[in-house]
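Undergrad: Read off the chains here:
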Amino acid sequence: ILNVEQSPQSLHVQEGDSTNFTCSFPSSNFYALHWYRWETAKSPEALFVMTLNGDEKKKGRISATLNTKEGYSYLYIKGSQPEDSATYLCAFNSGANNLFFGTGTRLTVIP
Amino acid sequence: ETGVTQTPRHLVMGMTNKKSLKCEQHLGHNAMYWYKQSAKKPLELMFVYSLEERVENNSVPSRFSPECPNSSHLFLHLHTLQPEDSALYLCASSPQKNYGYTFGSGTRLTVV
Chain A
0 ILNVEQSPQS LHVQEGDSTN FTCSFPSSNF YALHWYRWET AKSPEALFVM
50 TLNGDEKKKG RISATLNTKE GYSYLYIKGS QPEDSATYLC AFNSGANNLF
100 FGTGTRLTVI P
Chain B
79 ETGVTQTPRH LVMGMTNKKS LKCEQHLGHN AMYWYKQSAK KPLELMFVYS
129 LEERVENNSV PSRFSPECPN SSHLFLHLHT LQPEDSALYL CASSPQKNYG
179 YTFGSGTRLT VV
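Here the protein sequences come in this chain order: A and B. Everything in the first sequence is counted per my numbering, starting at 0 for the first residue and increasing by one. Everything in the second sequence is counted per my numbering, starting at 79 for the first residue and increasing by one.
For the record, the hints were derived by calculation from the structure and aren't laboratory data. There could be a bad hint or two in this list.
As the list claims (entries may be wrong) - Facing chain B, from chain A, some residues (calculated, C-beta under 10 Å):
#, residue
1, P7
2, N28
3, W37
4, V48
5, L51
6, G53
7, G101
Said to hold, decoys possible - Residues of chain B clear of chain A, computed beta-carbon distances all greater than 12 Å:
#, residue
8, K97
9, H104
10, L121
11, P139
12, R141
13, S143
14, S149
15, H155
16, S183
Even for Gly, the Cβ is constructed at its ideal location relative to N, Cα and C.
Produce the entire structure from the sequences given, and follow the hints as far as they go.
TA: Listed below in structure tokens is the structure:
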């Protein structure tokens, strides 16, 4: 079992604020890093799959960066909205192995 | 709906019961997975099926028994579970093993 850490565990921000959180993973045998958004009572929804060191991906107000050499990825949300409230999961894939998930960052955006 | 459907959404069962969880996908995916999420723990992989063959059993107790009759359907048969097996059970599928997961909404299982 590989260790995937996410921080912070939970976060409250005011509507309109920008925020970011971290996923750290083993820096060896890297294949891909996945980000998922999981709203309560719904399915986890894929946000990004990142494979290259230095990769930056963007989807609307959400973006992510990847540093495979030091083993971390940041997820940024610009101008948070109440509908961004969810748990954000990252998952590490070392190719032959399966996805190993972090425990997630639970984001609450206060109107 | 994501294209991966799980039933039932909620299940309460006694420790001597036998029940089954069902997962269905019509996305044309070749791999299907069962994950377990317990409170404050990461998603834990239980089983992986690729092209209807079980390719991984992640040290799961035999009281959990998966079945994949075809590439669109995956079952998890439950028998003599323990209260600590109460958790959210998520099914996922992907076009190929370990890439591009689509998740179902999960079954919230309570063992009493």
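Undergrad: Compare the structure with each hint and give your call.
TA: A quick look at each hint next to the structure:
1. Look at P7 (chain A): its Cβ only gets to about 14 Å from chain B, farther than 10 Å, so that hint breaks.
2. With a least beta-carbon distance of about 13 Å to chain B, the hint placing N28 (chain A) at the interface is violated under the 10 Å criterion.
3. Proximity of W37 (chain A) to chain B holds as hinted, the smallest CB-CB distance being about 8 Å (cut-off 10 Å).
4. Taking 10 Å as the C-beta cut-off, the interface hint given for V48 (chain A) holds, the closest approach to chain B being about 7 Å.
5. Restraint check, L51 (chain A) versus chain B: the minimum CB separation of about 15 Å is more than 10 Å; hint violated.
6. A cut of 10 Å between beta carbons decides the hint on G53 (chain A): the least distance to chain B is about 21 Å, and the hint is violated.
7. This hint holds: G101 (chain A) has a C-beta 6 Å from the nearest C-beta of chain B, less than the 10 Å allowed.
8. At the 12 Å boundary, the C-beta of K97 (chain B) stays outside the reach of chain A, the nearest C-beta of that chain being 21 Å off.
9. The claim that H104 (chain B) is not at the interface with chain A holds, since no C-beta of that chain comes within 12 Å of its own (minimum 15 Å).
10. Its beta-carbon lying about 4 Å from the closest one in chain A, L121 (chain B) breaks the requirement of being farther than 12 Å from that chain.
11. The claim that P139 (chain B) is not at the interface with chain A holds, since no C-beta of that chain comes within 12 Å of its own (minimum 17 Å).
12. In this structure R141 (chain B) is separated from chain A by more than 12 Å, as the shortest Cβ-Cβ distance comes to about 21 Å.
13. The Cβ of S143 (chain B) sits about 20 Å from the closest Cβ of chain A, beyond the 12 Å cut-off, so the non-interface label holds.
14. No Cβ of chain A approaches the Cβ of S149 (chain B) within 12 Å, the least distance being about 18 Å, so the stated non-interface status holds.
15. The claim that H155 (chain B) lies off the interface holds: its Cβ sits roughly 22 Å from the closest Cβ of chain A, which is beyond the 12 Å cut-off.
16. The beta carbon of S183 (chain B) sits about 5 Å from the closest Cβ of chain A, which is not more than 12 Å, so the claim that it is off the interface is violated.
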